[in-house]
Amino acid sequence: EAGVTQFPSHSVIEKGQTVTLRCDPISGHDNLYWYRRVMGKEIKFLLHFVKESKQDESGMPNNRFLAERTGGTYSTLKVQPAELEDSGVYFCASSPTRSSYEQYFGPGTRLTVT
Amino acid sequence: GENVEQHPSTLSVQEGDSAVIKCTYSDSASNYFPWYKQELGKGPQLIIDIRSNVGEKKDQRIAVTLNKTAKHFSLHITETQPEDSAVYFCAASKRGVTGTASKLTFGTGTRLQVTL
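As they're listed, the protein sequences go chains A and B.
Residue numbers are given in my numbering: position 55 of the first sequence equals residue 191, and the series is strictly consecutive.
Residue numbers are given in my numbering: position 77 of the second sequence equals residue 105, and the series is strictly consecutive.
These are calculated hints, taken from the structure and not from any lab test.
Just to be clear, a hint being listed does not mean it is correct.
Unchecked claim - Below are the PhoX-like pairs computed for lysine-lysine, each with C-alpha atoms no more than 25 Å apart in a straight line: (1) B:99 - A:180; (2) B:70 - A:177; (3) A:177 - B:86; (4) A:180 - B:96; (5) A:214 - B:70; (6) A:187 - A:151; (7) B:50 - A:177; (8) B:122 - A:187; (9) B:99 - A:187; (10) B:99 - A:177; (11) B:122 - B:65; (12) B:86 - A:151; (13) A:187 - B:50; (14) A:180 - A:151; (15) B:122 - B:86; (16) A:190 - B:122; (17) B:50 - A:151; (18) A:151 - B:122.
To be verified - Far from chain A by the CB rule (all over 10 Å, computed), these chain B residues: (19) 50; (20) 62; (21) 73; (22) 79; (23) 84; (24) 87; (25) 88; (26) 96; (27) 109; (28) 111; (29) 128; (30) 130; (31) 136; (32) 142.
Quick caveat, the model's predicted, so the values are computed rather than measured.
Beta carbons: idealized from backbone N, C-alpha and C, even for Gly.
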């Protein structure tokens with residue numbers, strides 16, 4: 137069974153540009169989470185999808201961040217326009233059902249904004 | 029909201045020794061406590077977890093203990109090996125208002141180095 141995959145693995149963009157990160161969860165997993173780790177600090181929650189619906193988006197830092205999960209399969213996280221403080225590693229995680237606690241993480245996308 | 033503190037931030041042990049990492053949490057409603065291991069260039073890997081109805085759980089060389097009263101939990105690694113070198117994160121979670129699983133709140137991580 138394939139794990140959570142993320143694309144790209146690394147992205148370098150200039151301030152003001154747009155970047156779209158993609159996450160493919162483990163097949164059949166209803167829950168999809170986005171997290172990020174900035175400047176070596178703790179991993180922080182961004183948002184949580186249950187299938188195609190946003191269950192909790194309390195961690196989204198501002199309206200420059202837009203997440204979608206059309207059809208309840210893969211998810212994208214768009215940052216527009218990117219700022220320097222958006223640099224970090226963005227992780228995606230998935231878990232099987234609405235009641236599942238265990239979350240399985242992807243390898244992350246390292247975003248560098250210059 | 030939940031706040032998770034983790035200590036120490038770095039830990040160096042000799043191969044074969046034991047390593048202990050400690051975390052405290054603030055929200056008494058938290059009921060799920062996983063530990064993740066992150067190796068260089070990889071995502072966090074779930075290595076062990078414990079729920080609030082259990083005080084201790086063991087899996088080979090790894091064990092986790094939970095003290096609900098004091099709101100702290102610990103990871104214990106015995107007979108450490110060089111391949112145990114990584115960053116370890118503790119986390120806490122609880123049921124969401126609709127009964128679904130919800131977000132993890134992480135500690136700041138512990139860099140464990142196992143020396144020969």
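Evaluation of the provided hints:
{"no.": "1", "hint": "B:99 - A:180", "verdict": "holds (21 Å)"}
{"no.": "2", "hint": "B:70 - A:177", "verdict": "holds (16 Å)"}
{"no.": "3", "hint": "A:177 - B:86", "verdict": "violated (28 Å)"}
{"no.": "4", "hint": "A:180 - B:96", "verdict": "holds (23 Å)"}
{"no.": "5", "hint": "A:214 - B:70", "verdict": "holds (22 Å)"}
{"no.": "6", "hint": "A:187 - A:151", "verdict": "violated (32 Å)"}
{"no.": "7", "hint": "B:50 - A:177", "verdict": "holds (17 Å)"}
{"no.": "8", "hint": "B:122 - A:187", "verdict": "holds (20 Å)"}
{"no.": "9", "hint": "B:99 - A:187", "verdict": "violated (33 Å)"}
{"no.": "10", "hint": "B:99 - A:177", "verdict": "holds (22 Å)"}
{"no.": "11", "hint": "B:122 - B:65", "verdict": "holds (21 Å)"}
{"no.": "12", "hint": "B:86 - A:151", "verdict": "violated (47 Å)"}
{"no.": "13", "hint": "A:187 - B:50", "verdict": "violated (35 Å)"}
{"no.": "14", "hint": "A:180 - A:151", "verdict": "holds (22 Å)"}
{"no.": "15", "hint": "B:122 - B:86", "verdict": "holds (22 Å)"}
{"no.": "16", "hint": "A:190 - B:122", "verdict": "holds (18 Å)"}
{"no.": "17", "hint": "B:50 - A:151", "verdict": "violated (39 Å)"}
{"no.": "18", "hint": "A:151 - B:122", "verdict": "violated (37 Å)"}
{"no.": "19", "hint": "50", "verdict": "holds (15 Å)"}
{"no.": "20", "hint": "62", "verdict": "violated (7 Å)"}
{"no.": "21", "hint": "73", "verdict": "violated (7 Å)"}
{"no.": "22", "hint": "79", "verdict": "violated (8 Å)"}
{"no.": "23", "hint": "84", "verdict": "holds (18 Å)"}
{"no.": "24", "hint": "87", "verdict": "holds (14 Å)"}
{"no.": "25", "hint": "88", "verdict": "holds (18 Å)"}
{"no.": "26", "hint": "96", "verdict": "holds (16 Å)"}
{"no.": "27", "hint": "109", "verdict": "holds (23 Å)"}
{"no.": "28", "hint": "111", "verdict": "holds (18 Å)"}
{"no.": "29", "hint": "128", "verdict": "violated (4 Å)"}
{"no.": "30", "hint": "130", "verdict": "violated (6 Å)"}
{"no.": "31", "hint": "136", "verdict": "violated (5 Å)"}
{"no.": "32", "hint": "142", "verdict": "holds (21 Å)"}
Going through the hint list in order, the structure does not satisfy hints 3, 6, 9, 12, 13, 17, 18, 20, 21, 22, 29, 30 and 31.
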